[in-house]
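A.B. asks: One line per chain: the protein sequences are A, B, C and D, in this order.
When you number the first sequence by the working numbering, it's gap-free, plus one each residue, and the end is 265.
When you number the second sequence by the working numbering, it's gap-free, plus one each residue, and the end is 265.
When you number the third sequence by the working numbering, it's gap-free, plus one each residue, and the end is 265.
When you number the fourth sequence by the working numbering, it's gap-free, plus one each residue, and the end is 265.
Any given hint might turn out to be false.
No copy labels: a pair is met if it fits in one copy or bridges any two.
Pairs of lysine to aspartate or glutamate residues, derived as EDC-like cross-links and limited to a Cα-Cα distance of at most 16 Å, are as follows [as the list claims (entries may be wrong)]:
hint : residue 1 : residue 2
1    : 191       : 104
2    : 215       : 161
3    : 91        : 204
4    : 215       : 260
5    : 263       : 232
6    : 114       : 161
7    : 191       : 99
8    : 215       : 160
The hints are simulated quantities; they were obtained by calculation from the structure and are not laboratory data.
There are 4 protein chains.
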Amino acid sequence: MQDIQNQFDSRNIPIDQVGVKDLTYPIVLLDRENEVQQTVARINMYVDLPHDFRGTHMSRFVEILNEHHQRLKIDTIEEVLRKMKSRLKAEKAHIEMFFPYFLEKKAPVSRARSMTKYECSFTGELDGDVDLVLGVKVPVTTLCPCSKEIAEEGAHNQRSIISIQVRYSELVWIEELIEIAEKSASSPVYSLLKREDEKYVTEKAYKNPKFVEDVVRNLALELDTDQRIFWYKVESENFESIHNHSAYARIEKHKDK
Amino acid sequence: MQDIQNQFDSRNIPIDQVGVKDLTYPIVLLDRENEVQQTVARINMYVDLPHDFRGTHMSRFVEILNEHHQRLKIDTIEEVLRKMKSRLKAEKAHIEMFFPYFLEKKAPVSRARSMTKYECSFTGELDGDVDLVLGVKVPVTTLCPCSKEIAEEGAHNQRSIISIQVRYSELVWIEELIEIAEKSASSPVYSLLKREDEKYVTEKAYKNPKFVEDVVRNLALELDTDQRIFWYKVESENFESIHNHSAYARIEKHKDK
Amino acid sequence: MQDIQNQFDSRNIPIDQVGVKDLTYPIVLLDRENEVQQTVARINMYVDLPHDFRGTHMSRFVEILNEHHQRLKIDTIEEVLRKMKSRLKAEKAHIEMFFPYFLEKKAPVSRARSMTKYECSFTGELDGDVDLVLGVKVPVTTLCPCSKEIAEEGAHNQRSIISIQVRYSELVWIEELIEIAEKSASSPVYSLLKREDEKYVTEKAYKNPKFVEDVVRNLALELDTDQRIFWYKVESENFESIHNHSAYARIEKHKDK
Amino acid sequence: MQDIQNQFDSRNIPIDQVGVKDLTYPIVLLDRENEVQQTVARINMYVDLPHDFRGTHMSRFVEILNEHHQRLKIDTIEEVLRKMKSRLKAEKAHIEMFFPYFLEKKAPVSRARSMTKYECSFTGELDGDVDLVLGVKVPVTTLCPCSKEIAEEGAHNQRSIISIQVRYSELVWIEELIEIAEKSASSPVYSLLKREDEKYVTEKAYKNPKFVEDVVRNLALELDTDQRIFWYKVESENFESIHNHSAYARIEKHKDK
Chain A
9 MQDIQNQFDS
19 RNIPIDQVGV
29 KDLTYPIVLL
39 DRENEVQQTV
49 ARINMYVDLP
59 HDFRGTHMSR
69 FVEILNEHHQ
79 RLKIDTIEEV
89 LRKMKSRLKA
99 EKAHIEMFFP
109 YFLEKKAPVS
119 RARSMTKYEC
129 SFTGELDGDV
139 DLVLGVKVPV
149 TTLCPCSKEI
159 AEEGAHNQRS
169 IISIQVRYSE
179 LVWIEELIEI
189 AEKSASSPVY
199 SLLKREDEKY
209 VTEKAYKNPK
219 FVEDVVRNLA
229 LELDTDQRIF
239 WYKVESENFE
249 SIHNHSAYAR
259 IEKHKDK
Chain B
9 MQDIQNQFDS
19 RNIPIDQVGV
29 KDLTYPIVLL
39 DRENEVQQTV
49 ARINMYVDLP
59 HDFRGTHMSR
69 FVEILNEHHQ
79 RLKIDTIEEV
89 LRKMKSRLKA
99 EKAHIEMFFP
109 YFLEKKAPVS
119 RARSMTKYEC
129 SFTGELDGDV
139 DLVLGVKVPV
149 TTLCPCSKEI
159 AEEGAHNQRS
169 IISIQVRYSE
179 LVWIEELIEI
189 AEKSASSPVY
199 SLLKREDEKY
209 VTEKAYKNPK
219 FVEDVVRNLA
229 LELDTDQRIF
239 WYKVESENFE
249 SIHNHSAYAR
259 IEKHKDK
Chain C
9 MQDIQNQFDS
19 RNIPIDQVGV
29 KDLTYPIVLL
39 DRENEVQQTV
49 ARINMYVDLP
59 HDFRGTHMSR
69 FVEILNEHHQ
79 RLKIDTIEEV
89 LRKMKSRLKA
99 EKAHIEMFFP
109 YFLEKKAPVS
119 RARSMTKYEC
129 SFTGELDGDV
139 DLVLGVKVPV
149 TTLCPCSKEI
159 AEEGAHNQRS
169 IISIQVRYSE
179 LVWIEELIEI
189 AEKSASSPVY
199 SLLKREDEKY
209 VTEKAYKNPK
219 FVEDVVRNLA
229 LELDTDQRIF
239 WYKVESENFE
249 SIHNHSAYAR
259 IEKHKDK
Chain D
9 MQDIQNQFDS
19 RNIPIDQVGV
29 KDLTYPIVLL
39 DRENEVQQTV
49 ARINMYVDLP
59 HDFRGTHMSR
69 FVEILNEHHQ
79 RLKIDTIEEV
89 LRKMKSRLKA
99 EKAHIEMFFP
109 YFLEKKAPVS
119 RARSMTKYEC
129 SFTGELDGDV
139 DLVLGVKVPV
149 TTLCPCSKEI
159 AEEGAHNQRS
169 IISIQVRYSE
179 LVWIEELIEI
189 AEKSASSPVY
199 SLLKREDEKY
209 VTEKAYKNPK
219 FVEDVVRNLA
229 LELDTDQRIF
239 WYKVESENFE
249 SIHNHSAYAR
259 IEKHKDK
């Protein structure tokens, strides 16, 4: 059978990224103590295509994924990128993985245990050097300082999603980023709270009001002092309880600059 | 050209619903004072298909929609259903329309004006009689009575979405259902609130705590007394500020039963 | 601390469903050979609430889930429902679980292996009897018989999603429903196809054209002959390659009727 | 009442973007002949915040939007950005608007008319200069050249979404970008096709096979020759009919580079 993809292309236009998108696959993550967490990832895998080839070979992306999906950690990503570059005869390789990750948390007073979900991402690019970005989205409570100040009683509060993305010179755990996010907000959230816990988190949030601006600045302060991290992007989106839209803030920083 | 759809089908299996789904179309709604609101609807149109025909004629749904999309009101739906039944030679016809609808609201103290979006739906079924259901989703604030009671200060609150669907013997306005929803919760939400308004809604919600159960019961009380409405389904989903999941409640009632 | 939820409610309105919604949790499914598949589920858990109680106890839903999420099979659902009824002092209990499930499939010619994702659901209701519904969504290819007939060459085809839901008197495997879905369409889809496989599935689909109506009728024929199944709802949504909307069909049947 | 937002902030961290996100608002677009199209937009509006202020004033974003939403065109965006900068005492202002836009199209043979929806975007940033980006997503049909070549009959095809974003020195119409997208694929899609039209588009796609790589290269060739456009990003996502994932390609180019 003819290999149409290998045909010469005369349009003289290189392609930045070509590949498979939104492939959902089961993955096994190796975590802090080298133990495993099985989860489900949405995966994009792209390479560049030189100007003189008509098409890339899409099935090879899935073959490479098959060799690795049952044993992934952040440094396996680099191996996956090298295989992509070599088997697809490309100059660059790019992968994005999005997956829920679960931690067992204890309620603050009752110590009742439950699982909380964090949406995480790994992004890797190989273009000469390898560039890796680790990301996590953390649900939290934020309570509005202005509302607290001006109202005689109460204060509006809401669920917010904090997003942290980092580039680092030495390994950073998802668990560490979650911890930083949770202490930058008015209170963490939990899947299971008994009555004594609900009292605790209500009072904690009320004593600890945070604008969306406060949240991203607190995140920046924490990440500024972490020597392992040389780049970060932090965001907070507050699903305002008094509006039908969100309040949003973002800080991005490359520490060398 | 052969009409494959008109072929005889020997499998002897009638089809309950067949048609077009997720067709996005601009629509013009005629509102209370016969004035117009242009919006964008996601539309499903289905008919039944007798056991002896192989296929329906999909293009006719869009032709019928073309004749009506620029002048829709709740009683036009009935005419659309009759055309579907006749042109597609069906026994039954079914239509679902989902669309954002905007109202100008005034902030409670400053009277500053802004637009608030409500996701609405019309569903119509013609099967002998015509059965019409009007639906609206209304964003509101809910503040937790338990959290208020047990905490020394503050109370967790969040954005909630109230859903009301009704069947009626005499016209009910979308605006009336929105009003019922907003007074069943701790406070309405607004797109634009000045500082004096934020003080007002914070204090109003704090004085007016509502469980998700309270919300649906208040909705039911209101709709029970409305003589025009003979069936309703009310739901509230509270996007809890202390959890990463929702609290939910639902009441459905046919008044004859 | 006061138990506000236990307060007497004078509005005299019972609530049909109240509980937690959109809780994402890791679950472990026991499959055909009693082996395990770890996945991630979106879960809704509701009970009814008598007219004289103000609120339900939301944390108990999560406690019950904690006791079971690491060892679920279809008959465990019944045990979960009984616990919900008993611990929440309810007359009825309802659970819905939505989760991706993966099967390893072999490409039709090369036999290359890859994982395909199927979105599945379990729904259980306890109200006197237990009512269980198993559901699966299966991506397939459909090729249009009309387009094939009237065009000199080629035929439009597209990805479609078949949905099957069943009630049964004797266990039915997810794998069996997937098999029925895949043979009712023009061709199965695969995550990994080599060139010889692509030739095979292209030709298979072209020889095997199916309207959306054909798909649901073929599903109905298969399920009608399965003695274990006493109720089914089958749907197909074809994401038409020549339109920006879908073609859709549905058949629902209770065999006693 | 105290203006908490105006408080001095000692953390010494400027914020890149802060504002309102996912505000849905009705907008009126002025189109080619200065006529109007009413639609519904999802809008984000952000400014930067200097290191010494604690918070921005969120209500002012909505006030500015109120002054303009009933009469928007691409050059009004610049005026909105200038107001944001001035009223929020910021150095930079940023707006993003996402909205469906409808064109009436005629079927290729029958000339039957129907509306097709295109998801569009305007993005504007004021930071010294004004930077405007116009975007449009265009649904099309793509037919696989490899599948056509290797199969004896037929070829897999599917709906694809082409995305074009441009920066320009002289006005470019949404309609022009749609035209470029539709001729870069195997065939346009339509909401309404009669039988003779379906024959036409089936045959047209079969004669005109395009890889995802061909689509983006054809887009690039067209945009390269357009003197008004100095930057573009083009993407195509093909919702493969033989897989449960997409094929994807992207080219981005600044013509000066």
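A.B. asks: All hints, please: hold or fail.
C.D. replies: Outcome of the hint check:
For a Cα distance limit of 16 Å, the shortest separation of residue 191 from residue 104 qualifies neither inside one copy, at 28 Å, nor across copies, at 31 Å. Taking the shortest alpha-carbon separations for residue 215 and residue 161, both the intra-copy value of 13 Å and the inter-copy value of 9 Å come in at or below 16 Å. Neither within a single protomer nor between protomers do residue 91 and residue 204 lie at most 16 Å apart by alpha-carbon distance, with minima of 53 Å and 23 Å respectively. For the homomeric pair residue 215 and residue 260, neither the shortest alpha-carbon distance inside one copy (28 Å) nor that between copies (40 Å) is at most 16 Å.
With identical chains, the CA atoms of residue 263 and residue 232 are at most 16 Å apart within one copy only, with a shortest distance of 8 Å there and 37 Å across copies. For a Cα distance limit of 16 Å, the shortest separation of residue 114 from residue 161 qualifies neither inside one copy, at 30 Å, nor across copies, at 23 Å. In this assembly of identical chains, residue 191 and residue 99 lie within 16 Å of each other by CA distance neither inside one copy nor across copies; the values are 42 Å within and 30 Å between. For a Cα distance limit of 16 Å, the shortest separation of residue 215 from residue 160 qualifies both inside one copy, at 15 Å, and across copies, at 11 Å.
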